[in-house]
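Trainee: Now for the letters of each chain:
There are 4 protein chains.
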Amino acid sequence: MAGSTFGNIFKITTWGESHGRGIGVVIDGCPAGLALCEEDIQAYLNRRKPGQSRYTTQRKESDAVEILSGIFEGKTTGTPISMVVFNQDQRSRDYGDIAEYYRPGHADYTFDAKYGFRDYRGGGRSSGRETIGRVAAGAVAAKLLDRLGISFITYTRSIGPVEISAFDPDAIDRNPLYMPDSDAAEKAQDYLEGCMKRQDSSGGIIECIIKGLPAGIGDPVFEKLDANLAKAILSIGAVKGFEIGDGFAAAHASGSANNDSFYIANTGKTAKATNHSGGVLGGISDGSSIVLRAAIKPTPSIASPQKTVNKSGENIDISIHGRHDPIIVPRAVVVVESMAALIICDALLLNMTARLDRICDFYRHV
Amino acid sequence: MAGSTFGNIFKITTWGESHGRGIGVVIDGCPAGLALCEEDIQAYLNRRKPGQSRYTTQRKESDAVEILSGIFEGKTTGTPISMVVFNQDQRSRDYGDIAEYYRPGHADYTFDAKYGFRDYRGGGRSSGRETIGRVAAGAVAAKLLDRLGISFITYTRSIGPVEISAFDPDAIDRNPLYMPDSDAAEKAQDYLEGCMKRQDSSGGIIECIIKGLPAGIGDPVFEKLDANLAKAILSIGAVKGFEIGDGFAAAHASGSANNDSFYIANTGKTAKATNHSGGVLGGISDGSSIVLRAAIKPTPSIASPQKTVNKSGENIDISIHGRHDPIIVPRAVVVVESMAALIICDALLLNMTARLDRICDFYRHV
Amino acid sequence: MAGSTFGNIFKITTWGESHGRGIGVVIDGCPAGLALCEEDIQAYLNRRKPGQSRYTTQRKESDAVEILSGIFEGKTTGTPISMVVFNQDQRSRDYGDIAEYYRPGHADYTFDAKYGFRDYRGGGRSSGRETIGRVAAGAVAAKLLDRLGISFITYTRSIGPVEISAFDPDAIDRNPLYMPDSDAAEKAQDYLEGCMKRQDSSGGIIECIIKGLPAGIGDPVFEKLDANLAKAILSIGAVKGFEIGDGFAAAHASGSANNDSFYIANTGKTAKATNHSGGVLGGISDGSSIVLRAAIKPTPSIASPQKTVNKSGENIDISIHGRHDPIIVPRAVVVVESMAALIICDALLLNMTARLDRICDFYRHV
Amino acid sequence: MAGSTFGNIFKITTWGESHGRGIGVVIDGCPAGLALCEEDIQAYLNRRKPGQSRYTTQRKESDAVEILSGIFEGKTTGTPISMVVFNQDQRSRDYGDIAEYYRPGHADYTFDAKYGFRDYRGGGRSSGRETIGRVAAGAVAAKLLDRLGISFITYTRSIGPVEISAFDPDAIDRNPLYMPDSDAAEKAQDYLEGCMKRQDSSGGIIECIIKGLPAGIGDPVFEKLDANLAKAILSIGAVKGFEIGDGFAAAHASGSANNDSFYIANTGKTAKATNHSGGVLGGISDGSSIVLRAAIKPTPSIASPQKTVNKSGENIDISIHGRHDPIIVPRAVVVVESMAALIICDALLLNMTARLDRICDFYRHV
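In order, the protein sequences belong to chains B, C, R and P. Here our numbering = 1-based position in the first sequence + 43. Here our numbering = 1-based position in the second sequence + 43. Here our numbering = 1-based position in the third sequence + 43. Here our numbering = 1-based position in the fourth sequence + 43.
Calculated directly from the structure, the hints in this document are not laboratory data. Any given hint might turn out to be false.
[Said to hold, decoys possible] Cross-link-like lysine-lysine pairs, in silico, DSS-like; alpha carbons within 25 Å at most:
| hint | chain 1 | residue 1 | chain 2 | residue 2 |
| --- | --- | --- | --- | --- |
| 1 | R | 118 | C | 354 |
| 2 | B | 354 | P | 118 |
| 3 | P | 186 | P | 92 |
| 4 | B | 350 | C | 350 |
| 5 | P | 354 | R | 312 |
| 6 | R | 350 | P | 92 |
| 7 | B | 186 | B | 254 |
| 8 | R | 254 | R | 240 |
| 9 | C | 186 | C | 118 |
[As the list claims (entries may be wrong)] Sample of chain R residues with no beta-carbon within 10 Å of chain C, all distances over it, derived:
| hint | residue |
| --- | --- |
| 10 | 54 |
| 11 | 160 |
| 12 | 192 |
| 13 | 230 |
| 14 | 234 |
| 15 | 242 |
| 16 | 311 |
| 17 | 316 |
| 18 | 353 |
| 19 | 354 |
Beta carbons: idealized from backbone N, C-alpha and C, even for Gly.
Whenever a hint applies, use it, and build me the whole structure from the sequences.
Mentor: Written out as structure tokens, the structure is:
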């Protein structure tokens, strides 16, 4: 409902603006007994920290997280975990211009239309810094999922026109774009240099693979696992499209090519010969890896001249200067992973209540 | 949470199985005073009724809706509206085979994995008939939105490899595929004939345009309007992808091309020169038309032979016979529209609480 | 939110009006595998059926329940359970008077104030018949809880000034007032005869004891088990007060008298020497029986003359005739039990997610 | 669901432990445009601050609130308002004993039963300090309600056996017990002196009157206004009972005495001659003042010897020393008011969506 709360059982609420006191998140509903410390969170946050390459904003932020509640003797207590990153690099500057006009591709106009006014400093609540809360919470969800044998591989699939043509997981962390194909990463960097010269920006596609999820997770009808993943991913600013499995390509395929045959694996378990479904059938996990993709639009803040309007109702020409990423895709990789982790975690917790025999077993042993 | 409930203020709960007593929906939270009768609902349901063309299942169902509560003297009372379509064509047949094996591309295996067993008759709860409840509720939402000047155009954008290359809204209802391009519709029908001969099936893409929505609707962060639309659309069985505005194409574009310039229209209002955003900026409507697309996978029920497993853990060969659609895209058009209407309706109601000055005005006049 | 939906994991939505087509409920989130048939529901519904004694309305309703979905081969499937009781005794009569004025103690005026108009036939949605949906759902929750060793004893504690002074569980079903004290039941019947002669009505107090609930169920802070029980009980029409354990008497006691000492029982388990707390400490069950009470106001429909206003804004005198209960307490006993069962069921399901070690165990064995 | 989140549209999430870094709250869904500063919040917090009289704990806490987000240029922006009170007086002490045994009347045992362990320092999350977040949020809700003409009078109705017999609103703030009867306040102070000498504690009853609420607010069936108030009040630690209007006394009354007659007031509006209903009929406000009461149990921390058990499963004798309130009633007054304000605020926002004509009006003027 209220926009900044997310999840059902593992529920998070984020707060904070780009140039306010800080950015934070409260997790309500994290199970008790998970070993957790600030370093666990920081490792995730560092993946989205600014200033790490020439393709990301040069704003200086250590983005150091502090845990304010919910941990005792190194473990989660089951009560709310409050985390905060205080803002440091809030340059005092004249925001007057930004306050008066609406930047194309940004939420300036829509915030004014909805609320009557807005915190225009650095984009306020619609800034990319809002994702700090998501990533801090995602780190907790991912650590919990790790205990259940579930892991994530998330990476950049394409930058502008440059798509990966190889898949080497080890390559992902070796280039600033998080691409699993070093050659593609070099080409993409060349492409981005061109964008920057033209004072322009680029978009791209992020792919996330979730391994180890057992079959049977998710719900039919409205709470399908892929439906919840779609919402989670589209809730990230700048995402314009979502695919599960073959996605839009499935719309062009025939049923005989798109169906995944089942077979009995050597382990005796039911398995699928292919994974066109992306690990979900009827909204419920089918035991294969979950495969999803997010389409990210180009950064709307560009230095080249643009036409827009001001609050006085005049047509004006602007060019936006300042510290902006020519591409946000690399920094969004961990955000996509975090949102996916939150959904999977919530679905696993809810799924415990699906079958009476297992409920009876559970309480027999309590 | 529980899978069959959807929405926050305008909330619906659907129930029913393909071969059970019927399919129904309860709307809780519909405002009082909307003129509503069964014909309003029936008009929507008829758009998804089986047996209307040779491309849809020949199952005979009148799908006649009955309103059981919530209407008095021809108007909604503000209390729950219960609607039901009783099943008629439940052929008594031997379901034994289907009970024992898992159809590729269907939810048979995942339902068993989740619940331990399933109602296998006609797909049970995962049948396409489940969407009757969505469409009945969507008809109510759409009628309410019509009172606020909001309308929908929804159609088939592509069938397999055949995409529209013209856009004539009047053509949509003149072909059984609901395509706004009569030539494309003919080619698509040829393509489908081929699919049927090969005992195969096809997918396609549905597009929905929402007109008349004012700027300022939707919420930032997790409850973005496009995020909720994405969830709504992905919750429809067989949908594998979602796009808003330029969608995946935006990932390949540059910022200068993707940004929509604002200008002051002749009316004095702020408008956009283009609509790459698809009518949403930062999760909030920007006053342009909302444009979204859904990728629908090919019908998984095909008559050609397939490999799968049975519940005894054996690899087997099957071929599925019976009354199945070679393509579900045309019947899914109204389902996409219904889900979109539910989201828009809910967002408009919630938005009334966004600004204190408007709240004060509201209660001053009450 | 929307008024007719209740619960989180075990979620119900009720619908229907006193003189409409029927009354129903949809349960979404009932675990799969619970043996369930219409007789299970009917047994509960019969406890609230009208016409069973001279103290209840003589309206003739068989209140026969039909299950429309969610059951397959005699067991719940995990998908929504839709149940309906069709109305039979809808006498065609002139409702004109009731439509025009506001009955004191009823919701006529407040429904008009909220919705602008109302279904005035028999009270519409605010009729006591609305509780049919609650009781049908409560029967399912109670059957599930029975599998977990949890049981209920619910009874009338007082009628007007007549309170029980003995407690014989076997007596409860032997008198039409469901009192566990036969002597008190006789006195109460005498008292009611007097009320009826005076064309007046009476209230009373219902007590519910929940046995077998393990310690540790419920949540701290806002989702305290007793807070949710309070909401559930107050949501029943005519309830004006709620107590857990010693309730208001605790406000007059000293801490030394009110605290319950813990001790180690013969079984080796932690137990309490007394139960002033009513089985809840800090919002979480403490292993003792849950003890709660509901205060029910006298039936507002009385035949003696009353002053009120009509919709034309005139002061008028009325007297209400028709089929009304001089007391609703006996019929409300099963409603209180049903609401309590829904809360306990929901809390037990949610509690499965409280501890990481148990979650890991759960998924290790899946 | 998750225990520390409350409300639907005006939604709050609290966090923090008695001896952790601090206590905080995030409000998500507060309308934009409300003038708000830290002083507004502090005024409320000061009403529950410790150390203000000899009847409250002598723990030294300034309880100074900081607003971390959601305010821009002195007004709420519509995005989350994060507020924190950092803990100051966290004496470093040996908590060893408390960690090992279960204090009677406290949540020590139930937290261990639920979560497997607990933050035992000062009661951790179950401490009375948890209410800081509620009061900070309640201050915001109350300020918003003030704009709509809705106000609160909340006070102590009784302390142990001493009940008020006069009602002078001006007296409330003139005695440390917040009683509207100075004579009763003196007697109550004498009574508390006796309790303290006996190393014992006392409970009491708090009453809250809500003025200015228009008729028509609240929902029928499960979301009755009084049901939500009951949950809100019972969610406060130590509350054991709730009444609306005549409450339990209604159970002993006759219908003719309990019904409130309607009449046309001089203003031309519908009014009630009496207010036995406490301002709610059928779950919806009737235009009279809302009147509710909360029964508070005696402080469980008493210095006199008690019997209990330790985690090793042994019966032991304890006496609790430290800084404890002999009565928490006076400090709970503002907590009751805060919880009531949250419910009323949420109900008013939701109510804007009840009628189509008003929705159409609203959007016509937007």
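Trainee: Residue 354 of chain R clear of chain C by more than 10 Å, beta carbon to beta carbon?
Mentor: Given a closest Cβ separation of 15 Å, the condition holds.
Trainee: For residue 350 of chain B and residue 350 of chain C, compute the direct alpha-carbon distance and say whether it is at most 25 Å.
Mentor: violated (58 Å)
Trainee: Holds or violated: residue 254 of chain R and residue 240 of chain R, Cα atoms, limit 25 Å.
Mentor: violated (40 Å)
Trainee: Quick one: work out the minimum CB distance from residue 54 of chain R to chain C and report holds if it exceeds 10 Å, violated otherwise.
Mentor: The claim is violated: residue 54 of chain R sits with its nearest Cβ about 5 Å from chain C, within 10 Å.
Trainee: When you look at the beta carbon of residue 230 of chain R, is every beta carbon of chain C farther off than 10 Å?
Mentor: Holds, because the least Cβ-Cβ distance between residue 230 of chain R and chain C comes to about 40 Å, which exceeds 10 Å.
Trainee: Beyond 10 Å from chain C, beta-carbon-wise, is residue 353 of chain R?
Mentor: holds (18 Å)
Trainee: Is residue 354 of chain P within 25 Å of residue 312 of chain R, Cα to Cα?
Mentor: Distance of about 11 Å is within 25 Å: holds.
Trainee: Are the Cα positions of residue 350 of chain R and residue 92 of chain P separated by 25 Å at most?
Mentor: violated (48 Å)
Trainee: Need the status of pair residue 118 of chain R, residue 354 of chain C: alpha-carbon distance at most 25 Å?
Mentor: This hinted pair holds, its Cα atoms lying about 19 Å apart.
Trainee: Examine each Cβ of chain C, and state whether all of them lie more than 10 Å from the Cβ of residue 316 of chain R.
Mentor: At about 39 Å from chain C, residue 316 of chain R clears the 10 Å cut-off, so the statement holds.
Trainee: Hey, is residue 160 of chain R genuinely clear of chain C, shortest beta carbon separation above 10 Å?
Mentor: violated (7 Å)
Trainee: Using Cβ atoms and 10 Å as the threshold, tell me whether residue 192 of chain R really stays out of contact range of chain C.
Mentor: holds (22 Å)
In this structure, the hints that do not hold are numbers 4, 6, 8, 10 and 11, in rising order.
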